[in-house]
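Enquirer: These are the residues of each chain, in order.
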Amino acid sequence: MTGTLPDGPLEGLRVIEVGDRGEIAGKLLADAGVDLIRVEPPEGARSRGLPPFVDDDPAQTSLSYAARNTSKRSVTLDLAAPGAGELWAKLVARSDVVIDSHPPTVLDELAAGWDAVGHERLIWCAVTPFGREGPRRDWLAPDLVGVALGGPMMSTGYDDHDLPPIRADGEHSMAMSNEYAVGAILAALWQRDALGGPGQLVDLSIHESISATVEGAFPNWEYLGKLVQRQTGRHSSPDPHPRWQYCCADGNYILLMGGGIPRDRRYWEQLLDWMDEHEAASDLRDPKYIEVLYTDPRLEPEIRGHVAETIGAFVQLLDAETVYRRGQSMHLPWGRVRRPEENLDDPHWADRGFFWEGELPGHPEPVRYPGAPYRFTESPVRLRRRPPLLGEHNHEVYIDELGLSVDEYKALAAAIHG
Amino acid sequence: MTDQAPLPLEGVRITDFSWIVAGPQATRICADLGAEVIKVENESHLDSIRLGLPQPDIEPSYNSSGFHSNLNRNKLSITANIHHPGGREVVERLIAVSDVVIENYSAGAFSRMGFDYERLRELRPDIIYVSLSGFGHLGRDASYVTWGPTAQAVSGCTQMSGLPDQDPAGWGYSYLDHSAGYYGSIAVLMALHHRARTGQGQHVDMAQIETGMVLCGVPMLDYQVNGRAYERVGNRSRYPAIAPHNTYRCEGDDRWIAIVAETQEQWTTLCDVLGLDCDDDPRFADNESRKQNEDALDATIDAATRGHDPVDLMLALQARGVPAGLCQRSDDKMERDPQLAARDFYPTATHPVLGEHRFEGYPVHFSNARWRLDGGAPLFGGDNHDVLTRLLGYSDDEVATLLAEAAI
Chain A
1 MTGTLPDGPL EGLRVIEVGD RGEIAGKLLA DAGVDLIRVE PPEGARSRGL PPFVDDDPAQ
61 TSLSYAARNT SKRSVTLDLA APGAGELWAK LVARSDVVID SHPPTVLDEL AAGWDAVGHE
121 RLIWCAVTPF GREGPRRDWL APDLVGVALG GPMMSTGYDD HDLPPIRADG EHSMAMSNEY
181 AVGAILAALW QRDALGGPGQ LVDLSIHESI SATVEGAFPN WEYLGKLVQR QTGRHSSPDP
241 HPRWQYCCAD GNYILLMGGG IPRDRRYWEQ LLDWMDEHEA ASDLRDPKYI EVLYTDPRLE
301 PEIRGHVAET IGAFVQLLDA ETVYRRGQSM HLPWGRVRRP EENLDDPHWA DRGFFWEGEL
361 PGHPEPVRYP GAPYRFTESP VRLRRRPPLL GEHNHEVYID ELGLSVDEYK ALAAAIHG
Chain B
419 MTDQAPLPLE GVRITDFSWI VAGPQATRIC ADLGAEVIKV ENESHLDSIR LGLPQPDIEP
479 SYNSSGFHSN LNRNKLSITA NIHHPGGREV VERLIAVSDV VIENYSAGAF SRMGFDYERL
539 RELRPDIIYV SLSGFGHLGR DASYVTWGPT AQAVSGCTQM SGLPDQDPAG WGYSYLDHSA
599 GYYGSIAVLM ALHHRARTGQ GQHVDMAQIE TGMVLCGVPM LDYQVNGRAY ERVGNRSRYP
659 AIAPHNTYRC EGDDRWIAIV AETQEQWTTL CDVLGLDCDD DPRFADNESR KQNEDALDAT
719 IDAATRGHDP VDLMLALQAR GVPAGLCQRS DDKMERDPQL AARDFYPTAT HPVLGEHRFE
779 GYPVHFSNAR WRLDGGAPLF GGDNHDVLTR LLGYSDDEVA TLLAEAAI
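So the sequence lines, in the order shown, correspond to chains A and B. In terms of this note's numbering, the first sequence opens at residue 1 and continues consecutively. In terms of this note's numbering, the second sequence opens at residue 419 and continues consecutively.
No wet-lab data here; the hints were simulated from the structure. Mixed in with the good hints there might be a few duds.
Restraint ranges, calculated between C-beta atoms of paired labels, are given here [what the hints assert, rightly or not]:
| # | chain 1 | residue 1 | chain 2 | residue 2 | range |
| --- | --- | --- | --- | --- | --- |
| 1 | B | Ala647 | A | Arg265 | 38 to 46 Å |
| 2 | B | Asp583 | A | Gly196 | 57 to 65 Å |
| 3 | B | Pro543 | A | Asp7 | 14 to 22 Å |
| 4 | A | Ile399 | B | Glu540 | 48 to 56 Å |
| 5 | A | Pro240 | B | Asp421 | 39 to 47 Å |
| 6 | A | Glu279 | B | Arg530 | 33 to 41 Å |
| 7 | A | Asp319 | B | Pro658 | 31 to 39 Å |
| 8 | B | Ala647 | A | Asp7 | 16 to 24 Å |
| 9 | A | Gly403 | B | Arg701 | 51 to 59 Å |
| 10 | B | Ser813 | A | Glu302 | 50 to 58 Å |
| 11 | A | Glu401 | B | Asp695 | 38 to 46 Å |
| 12 | A | Ala59 | B | Asp704 | 17 to 25 Å |
| 13 | B | Arg701 | A | Pro240 | 38 to 46 Å |
| 14 | A | Asp7 | B | Arg530 | 48 to 56 Å |
Below, computed lysine to any residue pairings styled on SDA-like, alpha-carbon distance capped at 25 Å [claimed, not checked]:
| # | chain 1 | residue 1 | chain 2 | residue 2 |
| --- | --- | --- | --- | --- |
| 15 | A | Lys90 | A | Asp400 |
| 16 | A | Lys226 | A | Cys247 |
| 17 | A | Lys226 | B | Ala759 |
| 18 | B | Lys709 | A | Pro142 |
| 19 | B | Lys709 | A | Lys90 |
| 20 | B | Lys709 | B | Asp750 |
| 21 | B | Lys709 | A | Asp57 |
| 22 | A | Lys90 | A | Pro142 |
What you are looking at is a predicted structure, and each value in this text was computed from that prediction instead of being measured. Ideal placement from N, C-alpha and C gives every residue a C-beta, glycine not left out.
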């Protein structure tokens, strides 16, 4: 609790996060106000060793860690070390939730898993690549392999199928699975607190989370027996359709949803007027086009294709920001293909308070962290703490909160500090 | 999951004005977990997904889309005309007995329908109102409009997908409709927890583009701290800098396998399985040299995988502890993935028009709860009578009158 700022929506809950694939789930809960303790091995969580680093210096803070560990506290503990089990059990005993993203049997083999330390009110969420059961339970699936098996890659890539299916950068397997994990944890807490239910084991499969996130590929196969084909910069489809994405005059790309044809005919005239300013309307004022465009969108694909190509040729005459802003002024769902950092200085996000200014260890200036994917108006989700240093809260948690004496703490030094 | 286990969100009621994909994805999760989700629909603002992916053997109607059925299973549907006083009263009575109202119209549309947050609070003082628009309700560009691909473009997600020497590949579907839906379900649940603790409802103002920007945190920090602009990496890995880490072509039509070697042992095992003799090749001696010679490395592996069946190769590599995965199509996942089958990930349910079909599962097994698949999407207005009489206190005669006046 910082000063008089209002509580977050999840104030009062205690969560332990352990393992390397639950970082986003932990962050979502921590930013929303839970007291989240990340239990790291003495050498630090995997992401602390991942580039990029502050000043590109591996001895400095990892930005991969910083981006996914805001608002958390950090303690260190080697769960396999003598004496660690008792401390771990004490941590778990006072918690509402454990997020465990170790491979399926790791903590069970240390007698530190759900069966050994779970309690009546505990929600234990196991985030594993394939779930806790099944023939492929122990397969290895780093992000690329997970996204390949789950299906998004075969929907994503280029018109030219000599080029491979593409995995988007950014560890989306963690994002998708962790989003489902947070929903499942909050639902299990609701069952416990609102319905008077027990705690429980929540067994989440990353493979299933990805597999559920493919949109049209599922119904095309189940209902039509068709496989979707990947296309450059637009939806995959069983049958090819015209481009949606063009490189503008300034070298930036623009996305014209659906090929750029206004869905609402009110904006067709406005678009033609704009194209006329650049003598780029070609033959589109011929009434035969408007007769076709506002009928069933599956009809007359050649005519629609010609219109889309003409709009596409037009936008290549301008710079992408102009196309984006003027298109949106006539309610066209067009978007400039921005690099992530280009959003930092868009004043719309400042209006909304999206970015959170905060400290980043090792960097002299405050940075702007991407904020929350939702703006709570009464119980703000916000940056509650900068990302923790490794083991920064060992004393605070083990001595002040769990009640270890200084001598007991020293006796556990090997388990805590490695 | 047993049929006897409780549904964790039993007793939560959601009035659902959402349409297309993002909002329905949010309420799909709530409904799967037991919330009573009541879709408020009308022909004047028809959810166009009800017409999506028509099947040649089924008469087109508002009830003939499998795409829609998968997204809207377990929900109820009423059709209320808010421009008719009687229809409007139906909606207002429903809001008054709901915990949550959710909509994903463009900003401003819902208040033009007469339902801003203040009005919702008059109807139900502790209401939770979740709005999910492209740019949010607050901010100078709030009137801008998005579909999933628009949001992907502006957020940075599109730029972060693709080969460095090609156009951005983006995502081959509206990823941010699903991701925004997942965050929407989280917002509903967080707001319910807050209300349970404090008695306070609230408006949660979501912007689809923000649900994409939260996925781009590392490059945003890298730019601020190190001044580095984002550059695409294809299927290679920049963080951590390991190689091999890519997709390789296999035997068959457009078949690809993803292979990652995170350790030296995995690399030597990969060479063994592929029959590559790289022991004396200094370019590939360790991870650092492999990363420096990644073009040659990938070409060498690709030449070797082309002669392999991708499934056999995946099985051989995983059996020896090398991360490898077929780039699976829907038929691979739904007909030939033993893990998804073992966990019953595609259960079946019957829809009155579409018949018996498989549905995408919910990716969690609970030890003391279940998720449900009670049936496909509701028929358009199929629950008018049930909802009006059971929940809203209308008599059979009153329902008949409302129907006759086209209020519902």
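Enquirer: If a hint holds in the structure, say so; if it does not, say that too.
Expert: Cross-check of the supplied hints:
1. B/Ala647 - A/Arg265: 38 to 46 Å: This hint holds: roughly 40 Å between Cβ atoms.
2. B/Asp583 - A/Gly196: 57 to 65 Å: holds (59 Å)
3. B/Pro543 - A/Asp7: 14 to 22 Å: Given a distance of about 20 Å, which is inside 14 to 22 Å, the answer is holds.
4. A/Ile399 - B/Glu540: 48 to 56 Å: Given about 52 Å between the Cβ atoms, the range holds.
5. A/Pro240 - B/Asp421: 39 to 47 Å: holds (45 Å)
6. A/Glu279 - B/Arg530: 33 to 41 Å: holds (37 Å)
7. A/Asp319 - B/Pro658: 31 to 39 Å: Since A/Asp319 and B/Pro658 have Cβ atoms about 37 Å apart, the given range 31 to 39 Å holds.
8. B/Ala647 - A/Asp7: 16 to 24 Å: violated (38 Å)
9. A/Gly403 - B/Arg701: 51 to 59 Å: holds (57 Å)
10. B/Ser813 - A/Glu302: 50 to 58 Å: Hint holds: Cβ distance 56 Å, inside 50 to 58 Å.
11. A/Glu401 - B/Asp695: 38 to 46 Å: 58 Å Cβ-Cβ, so the 38 to 46 Å window is violated.
12. A/Ala59 - B/Asp704: 17 to 25 Å: holds (22 Å)
13. B/Arg701 - A/Pro240: 38 to 46 Å: holds (39 Å)
14. A/Asp7 - B/Arg530: 48 to 56 Å: violated (33 Å)
15. A/Lys90 - A/Asp400: This hinted pair holds, its Cα atoms lying about 13 Å apart.
16. A/Lys226 - A/Cys247: Violated, because 31 Å separates the two Cα atoms, which is more than 25 Å.
17. A/Lys226 - B/Ala759: holds (20 Å)
18. B/Lys709 - A/Pro142: Given pair B/Lys709, A/Pro142 holds - Cα atoms ~18 Å apart, limit 25 Å.
19. B/Lys709 - A/Lys90: Not satisfied, since the Cα-Cα distance of roughly 44 Å exceeds 25 Å.
20. B/Lys709 - B/Asp750: Given that 25 Å is the threshold and the Cα spacing comes to 32 Å, the pair is violated.
21. B/Lys709 - A/Asp57: This hinted pair holds, its Cα atoms lying about 19 Å apart.
22. A/Lys90 - A/Pro142: violated (32 Å)
Of the hints listed earlier, those the structure fails to meet are numbers 8, 11, 14, 16, 19, 20 and 22, in rising order.
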